[in-house]
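Number of protein chains: 2
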Amino acid sequence: MKQIGVGILGFGIVGAGVADGLLKNRELMAQRLGVDIVLKKIADLDIETDRGIEIDSALLTTDAKSVLADPEIHIVVESIGGTGIAKTFVLEAFAAGKSVVTANKKLLAEYGDEIFSAADANGVDIYFGASVGGGIPIVRVLREGLAGNAIVSMHGILNGTCNYILTRMENEGLPFDEILADAQVAGYAEAEPSLDVDGFDTAHKAAILASLAYGFHVPMDKLLIEGIRNLSGDDVKYAAEFGYRIKLLAVIMGKGNEVEVRVHPTLVPFDHMLASVNNVFNAVMVKGDLSDDTLYYGRGAGREPTASTVIGDVGDIAKNITAGSARYERGINIANDGKMVMRDTDEIISRYYLRLMVADKAGSLGIMTNILGRHDVSILRATQKEHGCDDTIADYVPVVMLTHEAKEADINQAMKEIYEAGVLCEQPVKLRMI
Amino acid sequence: MKQIGVGILGFGIVGAGVADGLLKNRELMAQRLGVDIVLKKIADLDIETDRGIEIDSALLTTDAKSVLADPEIHIVVESIGGTGIAKTFVLEAFAAGKSVVTANKKLLAEYGDEIFSAADANGVDIYFGASVGGGIPIVRVLREGLAGNAIVSMHGILNGTCNYILTRMENEGLPFDEILADAQVAGYAEAEPSLDVDGFDTAHKAAILASLAYGFHVPMDKLLIEGIRNLSGDDVKYAAEFGYRIKLLAVIMGKGNEVEVRVHPTLVPFDHMLASVNNVFNAVMVKGDLSDDTLYYGRGAGREPTASTVIGDVGDIAKNITAGSARYERGINIANDGKMVMRDTDEIISRYYLRLMVADKAGSLGIMTNILGRHDVSILRATQKEHGCDDTIADYVPVVMLTHEAKEADINQAMKEIYEAGVLCEQPVKLRMI
Numbered sequence: 001m002k003q004i005g006v007g008i009l010g011f012g013i014v015g016a017g018v019a020d021g022l023l024k025n026r027e028l029m030a031q032r033l034g035v036d037i038v039l040k041k042i043a044d045l046d047i048e049t050d051r052g053i054e055i056d057s058a059l060l061t062t063d064a065k066s067v068l069a070d071p072e073i074h075i076v077v078e079s080i081g082g083t084g085i086a087k088t089f090v091l092e093a094f095a096a097g098k099s100v101v102t103a104n105k106k107l108l109a110e111y112g113d114e115i116f117s118a119a120d121a122n123g124v125d126i127y128f129g130a131s132v133g134g135g136i137p138i139v140r141v142l143r144e145g146l147a148g149n150a151i152v153s154m155h156g157i158l159n160g161t162c163n164y165i166l167t168r169m170e171n172e173g174l175p176f177d178e179i180l181a182d183a184q185v186a187g188y189a190e191a192e193p194s195l196d197v198d199g200f201d202t203a204h205k206a207a208i209l210a211s212l213a214y215g216f217h218v219p220m221d222k223l224l225i226e227g228i229r230n231l232s233g234d235d236v237k238y239a240a241e242f243g244y245r246i247k248l249l250a251v252i253m254g255k256g257n258e259v260e261v262r263v264h265p266t267l268v269p270f271d272h273m274l275a276s277v278n279n280v281f282n283a284v285m286v287k288g289d290l291s292d293d294t295l296y297y298g299r300g301a302g303r304e305p306t307a308s309t310v311i312g313d314v315g316d317i318a319k320n321i322t323a324g325s326a327r328y329e330r331g332i333n334i335a336n337d338g339k340m341v342m343r344d345t346d347e348i349i350s351r352y353y354l355r356l357m358v359a360d361k362a363g364s365l366g367i368m369t370n371i372l373g374r375h376d377v378s379i380l381r382a383t384q385k386e387h388g389c390d391d392t393i394a395d396y397v398p399v400v401m402l403t404h405e406a407k408e409a410d411i412n413q414a415m416k417e418i419y420e421a422g423v424l425c426e427q428p429v430k431l432r433m434i
Numbered sequence: 001m002k003q004i005g006v007g008i009l010g011f012g013i014v015g016a017g018v019a020d021g022l023l024k025n026r027e028l029m030a031q032r033l034g035v036d037i038v039l040k041k042i043a044d045l046d047i048e049t050d051r052g053i054e055i056d057s058a059l060l061t062t063d064a065k066s067v068l069a070d071p072e073i074h075i076v077v078e079s080i081g082g083t084g085i086a087k088t089f090v091l092e093a094f095a096a097g098k099s100v101v102t103a104n105k106k107l108l109a110e111y112g113d114e115i116f117s118a119a120d121a122n123g124v125d126i127y128f129g130a131s132v133g134g135g136i137p138i139v140r141v142l143r144e145g146l147a148g149n150a151i152v153s154m155h156g157i158l159n160g161t162c163n164y165i166l167t168r169m170e171n172e173g174l175p176f177d178e179i180l181a182d183a184q185v186a187g188y189a190e191a192e193p194s195l196d197v198d199g200f201d202t203a204h205k206a207a208i209l210a211s212l213a214y215g216f217h218v219p220m221d222k223l224l225i226e227g228i229r230n231l232s233g234d235d236v237k238y239a240a241e242f243g244y245r246i247k248l249l250a251v252i253m254g255k256g257n258e259v260e261v262r263v264h265p266t267l268v269p270f271d272h273m274l275a276s277v278n279n280v281f282n283a284v285m286v287k288g289d290l291s292d293d294t295l296y297y298g299r300g301a302g303r304e305p306t307a308s309t310v311i312g313d314v315g316d317i318a319k320n321i322t323a324g325s326a327r328y329e330r331g332i333n334i335a336n337d338g339k340m341v342m343r344d345t346d347e348i349i350s351r352y353y354l355r356l357m358v359a360d361k362a363g364s365l366g367i368m369t370n371i372l373g374r375h376d377v378s379i380l381r382a383t384q385k386e387h388g389c390d391d392t393i394a395d396y397v398p399v400v401m402l403t404h405e406a407k408e409a410d411i412n413q414a415m416k417e418i419y420e421a422g423v424l425c426e427q428p429v430k431l432r433m434i
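If you're matching them up, the sequences are chains A and B in order.
Using the numbering used here, you'd call the opening residue of the first sequence number 1 and step up by one each time.
Using the numbering used here, you'd call the opening residue of the second sequence number 1 and step up by one each time.
It is possible that some hints are incorrect.
Stated by the list, open to error - Below, a sample of chain A positions facing chain B; criterion: calculated Cβ distance under 7 Å:
hint, residue
1, Gly135
2, Arg140
3, Gly145
4, Ala147
5, Gly148
6, Leu290
7, Thr294
8, Ala307
9, Ser308
As the list claims (entries may be wrong) - Distance windows between CB atoms, simulated:
hint, chain 1, residue 1, chain 2, residue 2, range
10, B, Arg374, A, Ser57, 54 to 60 Å
11, B, Ile85, A, Asp346, 37 to 43 Å
12, B, Ala121, A, Arg351, 42 to 48 Å
13, B, Glu258, A, Glu405, 50 to 56 Å
14, B, Tyr419, A, Glu54, 49 to 55 Å
15, B, Glu258, A, Ala382, 46 to 52 Å
If you are wondering where the hints come from, they were derived from the structure by calculation, not from laboratory data.
All of these numbers come straight from a predicted model, not from anything done at the bench.
Glycine included, every Cβ here is placed at the ideal spot set by N, Cα and C.
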């Protein structure tokens, strides 16, 4: 059986997971793939710290160049992270005729073009399955399994930290700040949580998914991004009363040459598959023109799940090499660059959840409904609550509404006019629905 | 751009869906895959009937041999079905150096060995992604995405007809027979429904999944197969009261060199992802040793979803050919034939739902619980209902129990002894839990 050598650059969480998985399941993979994948070297500046896995110390080196120069290493796993030395090593690996597997979202987002072209130029493969969805093979599904589909839409829960916080907010009825603090202690949230809770991590992943689906560079500055930091426990509760759960979703929709990519807290009906995705789990629902709705669910992060996807990619490249050639996986296809444009966020069509703290006096509701009507916002359901949750706002009551489909610009204008009409004690809350 | 020609054998529902998809999304696929996939010919004895798709009549032929002889056709889609002429044509296609894509479960189940060896011998690919799960790329996921995982377990809803019937039984509180009759009228169930409702279709698919996961021929006669035909509406109702939904599951579990493959109605807790899979949708939850739980959901049948997966396979082969060689996809790896054995069904460990129609008199419960205890069956929850649902059995009341984990043989023996003790008016009902 042909042997294919693997070198790992970066012996952190992901690198250790990949090393452990490759060693543990080597025989199994050989049976399945018909090729013997052999871990040859692991390079890291620190080769002393115990990573909690059993590893032959002869495999460890502090000299990354020795990995890149080893003729018996055909595939390099980049698990250093960042865009500094990681980028240099990836390009050097290509130049040395080695294929690369990486989960480095940031590297791809910032230098994807350069990386993909360099792989092409050197006739080697670049796989990046674990950059979105951790243990969920969603990148592979989009590139291969659904390759025959025009993608109608994708709805994804792509950040485990946010989903964990939202699940606990709903189950325990506690406010965001309290759960976040708890999650930080438990290690489910970073000390600096902004990347997660403000939606940026989800947005980066959404951009990769949208690029894969529609074949163009998604300009990050055109995304609508709203995180969960300002989400009120009241809204979680009222949404549940209407039969909805609030999830931070990436919403990606293509129509003609326009693509919408947005990230925001979203009301999902209880009986929707995405509503069952709880705690740190991730999932992506993909609607293809042929496949119709499909959904992919799993752990979006973590040592072993990430290693699962990285090793799947390694296996693919090993098969490619065994078959006699790289398949020149072309990274993200950008054939539609210049053709696809981002839809203006004003043009978004959605159903909305609105909560307005309304003056508890005759005429208030009339003013509101008139303004909504004038802007073509039609109400599906509405409830006026007996009193506000904050007892200090005694003369105001929350009015909660679900709307039929409306245009974002119209909703925004209506909210502005209602606020300016002086019947509210605070800015209205607007959430989108699936 | 390199052109790869496709010929379709069999212009039925699947063949028409594949033709339509290949034509509609040709440009899109070319962009994504870097290869132009061209539909060259469609062969069927009947080329007159309108298939509801637009097709250039010059593509149609009644001469299948002309497809097999066409040097511009590199990939043959077999959508004839059955094991007669379909098998002959597949082998002839291989001999002519063409790769094959098929969704023909029966052909693979009965002649897999011969088919896979012939593909190998001719250096061509055989892909069969749509044989399980329709539009869900589960075969690809197991072969590639999760290739680095030892598979701990799989739980699948693999038959749309059964899931449709079960969903309606629960939602509408109607008995099996009534829903089945309705489903037959609506076209969701066959006139001869046995293949679906008695679990055989699910079992065939389970055997393919188990073979993929554990690398051996799964002997169909060693599977435990129970369908949904005898499922009572009472049990659907009582299960719901305990917080469970009943689904027909394929359960596949490997441990050491033993594999369990069973198909039966199963109680799934409401908050489990599989409980949200309703109507004709299918899903498979796969637990890998690295990935942990992952789930794949979509339409398990239908023209377009099946075409989606077939075309994904065509795309893969087209990339393989373009890269200069077939990758010799080895069908189902059977390296563990002779090593893996099926676990004896007596040895199954599960939690159980039991319903016993018990004589409404002092001492009955004591007799039952004594027997259960003697066989190491420990009760998790139990309810005695006020009266039986069938009012004619006036002196008997239903006792419904959930057990802790127990061994199938023990449960069976306990049920037998309880029945023989004369405290029941009918055989006990035993369902397994997830």
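Each hint, compared with the structure:
no., hint, verdict
1, Gly135, "4 Å, holds"
2, Arg140, "5 Å, holds"
3, Gly145, "3 Å, holds"
4, Ala147, "4 Å, holds"
5, Gly148, "3 Å, holds"
6, Leu290, "4 Å, holds"
7, Thr294, "4 Å, holds"
8, Ala307, "5 Å, holds"
9, Ser308, "4 Å, holds"
10, Arg374/B x Ser57/A: 54 to 60 Å, "55 Å, holds"
11, Ile85/B x Asp346/A: 37 to 43 Å, "59 Å, violated"
12, Ala121/B x Arg351/A: 42 to 48 Å, "57 Å, violated"
13, Glu258/B x Glu405/A: 50 to 56 Å, "54 Å, holds"
14, Tyr419/B x Glu54/A: 49 to 55 Å, "53 Å, holds"
15, Glu258/B x Ala382/A: 46 to 52 Å, "59 Å, violated"
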